[in-house]
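Engineer: Starting from the known structure of chain A, fit chain B onto it as the hints suggest.
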Amino acid sequence: MKKNDAKSDEMLLSLQNINVIRRDKHILDNVSLTVYRGEIVTLIGPNGSGKSTLVKTALGLITADSGTITRSPVGSMAYVPQSMDIDETLPITVKRFFRLHCRESEITYIEALEQTGAAHLINASMHQLSGGEMRRVLLARAIILKPALLILDEPTAGVDIGGQAALYALIQRLRDTLGCGILLVSHDLHIVMAATDKVVCLNHHLCCSDSPESVSQSPEFAHLFGESLARELAVYHHHHDHEHGLHGEVCINETNTHHG
Amino acid sequence: MDEFILRALLGGAGIAIISGPLGCLVVWQRMSYFGAALSHAALLGIALGLLFQINLKLAMLGVTLLTSLLLMGLQHNRQYSSDTILGVLAHLTLALGMIVLSLLPGVRIDLMAYLFGDILSIGWQDIIWIVAGGTAVLAALALIWRSILSLTLNRDLALVDGVNETRTRLIYLLLLSFVIAISMQLVGVLLIVSLLIIPAATARKFASSPEIMAVLAMLIGLISVVIGLWGSLHFDTPAGPSIVLAASLLFSLSLLKR
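Going down the list, the protein sequences come from chains A and B.
For the first sequence, my numbering gives the first residue as 1, with consecutive numbering after it.
For the second sequence, my numbering gives the first residue as 1, with consecutive numbering after it.
There could be a bad hint or two in this list.
Examples of chain B residues lying across from chain A (beta carbon under 7 Å, computed) [stated by the list, open to error]: (1) V27; (2) W28; (3) S150; (4) R204; (5) A207.
Calculated lysine-lysine pairs in the DSS-like style (CA-CA distance at most 27 Å, straight line) [to be verified]: (6) A/K25 - A/K56; (7) A/K146 - A/K25; (8) B/K257 - B/K205; (9) A/K25 - A/K95; (10) B/K205 - A/K95; (11) A/K95 - B/K257.
To spell it out: a stretch of chain A is covered by chain B in this simulated footprint if at least three of its residues, at any positions, have a beta carbon under 8 Å from a beta carbon of chain B; those stretches are [to be verified]: (12) 55-66; (13) 96-106.
It is worth saying that the hints were derived from the structure and are not from the lab.
From the three backbone atoms N, C-alpha and C, an ideal C-beta is built for every residue, glycine too.
Only chain A is shown next, with the shape it has when bound in the complex:
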């Protein structure tokens, strides 16, 4: 078990026995999740496993069919979507975009952009941003909001492996400087940073929810990404108490002791 000093007992988000059913499909089946201040929780699972639905439920964008949600008050939450699609006819710069919800001085904006390595984009049009630049800008916006809880939807999607490491290092730094709790979604089942305090594996229901083990030495991983990165990144081998069949049905796995 990884010791985590930053984590406190202040609960920022609590989802208890959440059920979301859409068009007769049980998208979230009795899912519970908590995020404490100073904690980084990573939500993983295959495509279409309900990760986005869970995040949107946590954000209050989707109403759950049953279950209880306790979250920190409005304004203390910041959301970083994967991307933003702005109509070409709407002229807007990064600075104006920031000012829409966070009325701070330009210095604050630049400082936040510097943290995400995008200070040069302050006067750029939002339409000119590449996918990666847009993500940096959205992350900078979240920094300006100084949230208690930061929720990121697939922050590493489309980012190359070196960029991913830098991004996770930044997220970890934000947890320390902002002292916030962080919930992030990753579609990647195999690579979870050592920085993550808790991994939640979702496939419509909760498969497991656990602290990741210490960095494991996967030879394939080291081979693929190099020793130095491998040391920074962790391959998380967690044990399931069940396996999934082809259609997502649960098959109990007797031999495993570790479960969540």
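Structural biologist: The following block gives chain B in isolation, referenced to the frame of chain A:
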């Protein structure tokens, strides 16, 4: 200058100024077909106003607002696209309007005036509607500007940041309905949306921020009204279509930039 021309200029200028920022929002949200549907509903409003002998502007406002609420409610339907639902409702209200008008006993109205507008018949009372109503519309728009802009940019972010979507959208639809109701006399049912869209589209090329675009759209609308009215008097052409033609010419000129 003849007084009726002065009245037409004042009324047209007022409507252009109100349409500027609202037109930008219609363009940003790709709601031009929504606006067209509302203007069709306005004709039904006129017919019902004549039938029940109530103030025509209030009748138009009521019917367009009800239609916009109905459209908003139906837009989440999964079976039909919002485009299809708009198409059904827009033409239903237009057809209903025509039928009610034809059934009115002893009333002979000039349908052309409603379809294409009759700005030269604008009275001082109409000007008061435009000035008083327009001021209220702009004030209300200033109040919801940040919220509606934020919703337009990204709904999820806006909601997480605590924007009240229902209230903002309701006020926005009310303002849009109002502008359509008072623009009716200027350009008529068929051309209302053009007055919202064309100046905003023209302004896009010269704007670096949403606010600059809104102000430019006001100015461009204003210039279109002046040129259109002058052309209408000079060439003896209908005023409403002349204003739309002037706006379109300005739009074409803007395309030359870059």
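Engineer: Against chain A, run the beta carbon of B/S150 and see if the smallest gap drops under 7 Å.
Structural biologist: 5 Å, holds
Engineer: Against the 27 Å threshold, does the CA-CA distance of B/K205 and A/K95 hold or violate the hint?
Structural biologist: 20 Å, holds
Engineer: Check whether the Cα positions of A/K146 and A/K25 lie no farther apart than 27 Å.
Structural biologist: 37 Å, violated
Engineer: Given that the stretch 55-66 of chain A was listed as covered by chain B, double-check it with a C-beta distance under 8 Å for 3 or more residues.
Structural biologist: holds (count 4)
Engineer: Can you confirm whether the C-alpha distance between B/K257 and B/K205 stays at or below 27 Å?
Structural biologist: 7 Å, holds
Engineer: Within a Cα-Cα threshold of 27 Å, do A/K25 and A/K95 meet the stated pairing?
Structural biologist: Violated, at roughly 42 Å.
Engineer: Do the alpha carbons of A/K25 and A/K56 lie within 27 Å of each other, as the hint requires?
Structural biologist: 17 Å, holds
Engineer: Report holds or violated for the interface hint on B/A207, using the least CB-CB distance to chain A and a cut-off of 7 Å.
Structural biologist: Since the shortest Cβ distance to chain A is 5 Å, the answer is holds.
Engineer: Please verify the coverage claim for the stretch 96-106 of chain A: does it have three or more residues whose C-beta sits within 8 Å of some C-beta in chain B?
Structural biologist: holds (count 4)
Engineer: Is the shortest C-beta separation between B/R204 and chain A less than 7 Å?
Structural biologist: This interface hint holds because 5 Å falls under the 7 Å limit.
Engineer: B/W28 was flagged as interface toward chain A. Is the shortest Cβ-Cβ separation under 7 Å?
Structural biologist: 4 Å, holds
Engineer: Taken at face value, is the distance from the CA of B/K257 to the CA of A/K95 at most 27 Å?
Structural biologist: 25 Å, holds
Hints 7 and 9, counting from the list given before, are not met by this structure.
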